[in-house]
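J.: Below, each chain spelled out in residue letters.
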Amino acid sequence: MIDGILIGLSTAFSISNLLMVIGGCLIGTFIGMLPGLGPMSIIAIMIPVAISIGDPSAALILLAGVYYGAIFGGSTSSILINAPGVASTVATSFDGYPMARQGKAGKALTVAAISSFAGGSIGAILLMIFAPALASVALLFHSAEYFALMVVGLSAIAAFAGSGQVGKALLMTLVGLMMATVGEGALFNQPRFTMGILDLQSGFGFITLAMAMFALPEALFLVLDPSRSNSGGSGGDIKDLRITKAEAKKIAPVIGRQSIQGFLIGVLPGAGATIASFLGYAVERNLASKEEQAEFGKGSIKGLAAPESANNAACTGSFVPLLTLGIPGSGTTAILLGALIALNVSPGPRLMIDQPEIFWSVIISMYVGNVILLFLNLPMIPYIAKILAVPRNYLIPFILFFTLMGAYIGQNNATELLILVGFGVCATLLRFANYPLAPLLIGFILGSMLEDNFSRSMQLYDGIRFIVERPMTMGLLALAVILVALPTFRARLVRKKELQAAESD
Amino acid sequence: MALDRWIALVILAVSLSYGYTAFFMMDAGLPPFMRFNPIWPSTFPKVISVLAAITSLAIVLGIEKKPSGDDTGEIDYRRLKEYKIGQAIFLLVLMATYALMLRPAGFLLSTVVFLVAGAALLGERRFVILIPVAALAAGVVWYLVQQTLGIYLSPLPTFLS
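Line by line, the protein sequences give chains A and B.
Each residue of the first sequence is one higher than the last, beginning at 1 in UniProt numbering.
Each residue of the second sequence is one higher than the last, beginning at 1 in UniProt numbering.
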């Protein structure tokens, strides 16, 4: 292994490859900031460039740089204008955006940059040590377990997203699942719930829904209540950039835990960064003390650090099945697999033996990419945060325009824009009534995966028996039930105590 | 009845009609050979519709007690009249118009009109700065989307292209 690392180091630290990483990070960060262009589409755009380089190590190093840059860029738009362009940064906006509104945009971006860095670096180290062993564990997960894992993820979100009202969060999750069934599913070639509208055949676009649920209501709120925009206006303050010692102490354990957890979830093919970030957020919220729990969703730095580190660690983790088994675990790694094959590299168990310099230089360059990203981005943060200082009269039309463009780029039809406006109005009404919108979007994202895995296990076991026959599935589903029941139970207990206290007075 | 329960009532109606479709209408078009499958396209929607109907009913009936703290959202809808609701509605209409005009009027024209009208509506009056900024933004985004990403956006109105 030491030999391999040395080969990787010498490849990754050549001048041309370092330039590749820097260039990739910059391109990724800037394009990633536009909502609607996630890592997947940016890597797809960069593939022709990478292939024309010819050297597989250099090409992969460039793509890895783009990947990390794009993930960081995506967090930026989530934090600053509440417009998560990628599913895995939705959880970032839960606490990142409130922080930006309190005038701590600079600090929020710093926390995001540092936790991404830590998550990515810890992930890279874990990848180096455990890659071969983890690949065999990931194979134990079948569709039944994936189904159960997603149910756990959804119920964790439903249980922790609402402000003490599990029912509302649960209902929103179910509405999200209902919306996910619109259009043609992967397993059945039959359009469902399209009401005869041809443009609905392919279902609702993720970006359309993300924009309608988060960015559009936010922009409308800024219009409705002009006093809201003043508080965020001074967000570009440079003085508030530093993280204090107390804060660093607070987020250090969070980053450590979530890097490991995120990495492990990322290793599972299909789970990926999205689930890792949501689960990371939910777990940290549950672990936090009572006072800190109240802060979650209102600008807690723990709540920002958790999804950011989990998300980046999971991205690194998703390279495990790709490099060791040749199975891409996510959309992004699937595109990378295509690039690898085009470069005449076949990932799989033989890669480590046949072409060790590629395997190791990719891992080393991930680490280098993380370091460079940190040094590139920290000095830029004050300038990025200045976006919030743009006058309101300009900012709002531009936010609206970018939400429209994001939806148009994603689906390429004008009906999608009308759907965006319609859902935006619905989302605003839901927020008036204090319904949490995050569970809806998460239900929508996980819905199709959930149904596919459920259907697959039903077909494999010819019925619902798989729940009883697979102990791991059973265990995960039991955990999901407990997660939903626990907050209600806890609230009832608290109320009982209050009643008793009142009676004894 | 508070707004959240009215909304739950609407969702209840939606999930009932969704469930009606799943239970009684979707299976009609199922080819005979698929009937032997343990899972039908309607299986998953059936499960969701039942769960959603139960949950929304629970909220309509107010079974779950509200937490003791104040339950108003970030914006209090009871104070709606104090807000600038006219501007918000006009912006939404503007967005819908943009969606409908994007193809016939071309990207560049409709984007510039959208940005200028939106900003003017919010009170911007310095058109000397506003119009060039809007035109520049439209041009840059068009170049990025069309030339770099290769996604087709017709730049000019239909009668010119």
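Everything labelled a hint here was simulated from the structure, so no lab data went into it.
Using N, Cα and C, we set each Cβ at its ideal position, and we do this for glycine too.
Hints are supplied without guarantee of correctness; some may be wrong.
[As the list claims (entries may be wrong)] Where chain A lies over chain B, by a calculated footprint (3+ residues, C-beta under 8 Å): (1) 18–27; (2) 133–146.
[Unchecked claim] Covered, in the sense of this in silico footprint (three residues per stretch, anywhere, with C-beta under 8 Å from a C-beta of chain A), are these stretches of chain B: (3) 44–58; (4) 92–98; (5) 110–118.
[To be verified] Derived Cβ-Cβ restraints for the label pairs, each shown as a range: (6) P104(B) with L287(A): 18 to 24 Å; (7) V390(A) with V10(B): 44 to 50 Å; (8) P379(A) with L9(B): 52 to 58 Å; (9) A342(A) with I129(B): 44 to 50 Å; (10) M34(B) with I45(A): 38 to 44 Å.
J.: Run every hint past the structure and note whether it holds.
T.: Quick rundown of the hints versus the structure:
Counting residues of the stretch 18–27 of chain B whose C-beta lies closer than 8 Å to any C-beta of chain A gives 3; at least three are required, and the coverage claim holds. As drawn, the stretch 133–146 of chain B meets chain A at 4 residues by the rule of a beta-carbon pair under 8 Å; at three or more, the given contact holds. Note: the stretch 44–58 of chain B has 9 residues with beta-carbon separation from chain A under 8 Å; the three-residue rule is met and the coverage holds. With 4 residues carrying a beta carbon less than 8 Å from a beta carbon of chain A, the stretch 92–98 of chain B meets the three-residue requirement, and the given coverage holds.
A count of 4 residues in the stretch 110–118 of chain B with a Cβ less than 8 Å from any Cβ of chain A is obtained; the coverage claim is therefore met, three being the minimum. Judged by the Cβ atoms, the range 18 to 24 Å given for P104(B) and L287(A) is violated: they are separated by roughly 55 Å. Roughly 37 Å separates the CB atoms of V390(A) and V10(B), a value that falls outside the hinted 44 to 50 Å. The hint said 52 to 58 Å for the Cβ distance between P379(A) and L9(B), and at roughly 53 Å that hint holds.
Restraint check, A342(A) to I129(B): a C-beta distance of roughly 47 Å satisfies the suggested window 44 to 50 Å. Distance hint for M34(B) and I45(A): a CB-CB separation of about 39 Å, consistent with the stated range 38 to 44 Å.
Taken one by one, the earlier hints fail for this structure at numbers 6 and 7, listed in ascending order.
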